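Participant: Residue-level listing of the chains:
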Amino acid sequence: MIFLTVGTQFPFDRLVKTVDDLVAGGVIEEEVFSQVGDDAYEPRSFKSVASLDKKAFDECIHNASAIISHAGMGTITMALDTGKPLLVMPRRKRYGEVVNDHQVAIAHKFEQLGHLLVAYEPEELADKVKLLKGFKPSPRLVRPEAVVKRIAEFLDGLPAGSAS
Amino acid sequence: MVRVMGSDLRIALVASSGGHLSQLLKLSDAWQGRDVFYVVTTDVVKKKLGADKRVYVAGECNRQHPLRVVRSFWRCFEAIRRERPAVVLSTGAAIGCLCCFIGRLFGAKVVWVDSITNVEHMSLSGRMVRHIANLCIVQWPDLAQVYPGAEYMGNII
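In the order they appear, the protein sequences are chains A and B. If you're matching positions, the first sequence starts at 3 in our numbering and goes up one per residue. If you're matching positions, the second sequence starts at 63 in our numbering and goes up one per residue.
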């Protein structure tokens, strides 16, 4: 199963429609299941729900052979944590899908690091989807400990019980 | 005065859904054992955090939806007014910005952690909040060079 998710904040019809066309046209043969958000385009070629609770969402990620999503950091993190191949299409400011183009920047950065595949435009999706199954994401090494330590030290330095 | 460490330093933890929340939760060890409450955007997130947590729901908002910003502002204001945290800590986005400024009005210290997705600039929220932040953390080394006072110490996600 390919899991298609665009977050729950705002719809991302441009991506869902494109995947719908690819499934209808036989380019994607595998079963697709999607979380598309409220008031969103409803795909005709595969099942979709507006939103999933945490448990159901985790199950979808777990059961997926691959994930297609917007370039939201929540989904990217889950894909990297579970080692699932991920193809993202960034939301764009010019289509009113997001307030700025940060998704383009993070998609580009993570593409360079080998963490994920990117289709910057719908036209690239068909070719990138073919690469998805064989894609092995490079694991991401991070050190939240350094930031945790800095914040803990900052909090330790404050007098307790005062709000000024 | 003898300083008592730990639980009586109340902290507001503020994050929008998705990556902002994931990044906040990765930092949980920093406030282990302290008196914390959350301000989040949706009931889905509230449920996800668990029934044992004190959680306020401010609603989704961004600057494309001014009316939602007004609604979220009042919900954030109510949460901060009621709880009077000593610290407001946020990973963004808009509701984090609101809570930091509101918290500051009530005398709270402000900690801002800019999301990793801000590669080329700090977020708009971050660029506003950094002026009132007591601790401002970015996740790309270049940004620490560009914004005075911003600190870089690695990625959290």
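If you are wondering where the hints come from, they were derived from the structure by calculation, not from laboratory data. Please read all numbers here as calculations on a predicted model, not as lab measurements. Ideal Cβ placement from N, Cα and C applies to all residues, glycine included. Please note that a few of the clues may not be correct.
[Said to hold, decoys possible] According to the in silico footprint, chain A covers these stretches of chain B (three or more CB under 8 Å from chain A): (1) 112-123; (2) 129-138; (3) 148-161; (4) 181-187; (5) 193-204.
[Unchecked claim] The list that follows gives simulated cross-link-like pairs (lysine to any residue, SDA-like), each with its CA atoms no further than 20 Å apart: (6) A:K95 to B:Q126; (7) A:K49 to A:T79; (8) A:K56 to B:Q126; (9) A:K56 to B:T104.
Participant: Each of the hints needs a verdict: does it hold here or not?
Facilitator: Do the hints match the structure? See the list:
Remark: the segment 112-123 of chain B is not confirmed as covered by chain A, as 1 of its residues place a Cβ nearer than 8 Å to a Cβ of that chain, below the required three. Proximity of the segment 129-138 of chain B to chain A, defined as three or more residues with a beta carbon under 8 Å from a beta carbon of that chain, is not established by the 0 residues found. Only residues whose C-beta sits within less than 8 Å of a C-beta in chain A count toward coverage, and the segment 148-161 of chain B has 3 of them, enough to reach three; the restraint holds. Given a C-beta distance limit of less than 8 Å, the hint that chain A covers the segment 181-187 of chain B holds, as 4 residues qualify and 3 suffice.
Interface restraint, the segment 193-204 of chain B with chain A: holds (3 residues with C-beta to C-beta distance below 8 Å; minimum three). With a C-alpha separation of about 11 Å, the suggested pairing of K95 of chain A with Q126 of chain B holds against the 20 Å cut-off. Taken as a hint, the K49 of chain A and T79 of chain A pair is broken in the structure, with Cα atoms around 24 Å apart against an allowance of 20 Å. Distance check on the hinted pair: K56 of chain A and Q126 of chain B sit about 27 Å apart at the alpha-carbon level, beyond 20 Å; violated.
Note on K56 of chain A and T104 of chain B: the hinted pairing holds, with a Cα-Cα distance of about 13 Å set against a maximum of 20 Å.
Hints 1, 2, 7, 8 from the earlier list are contradicted by this structure; the remaining hints agree with it.
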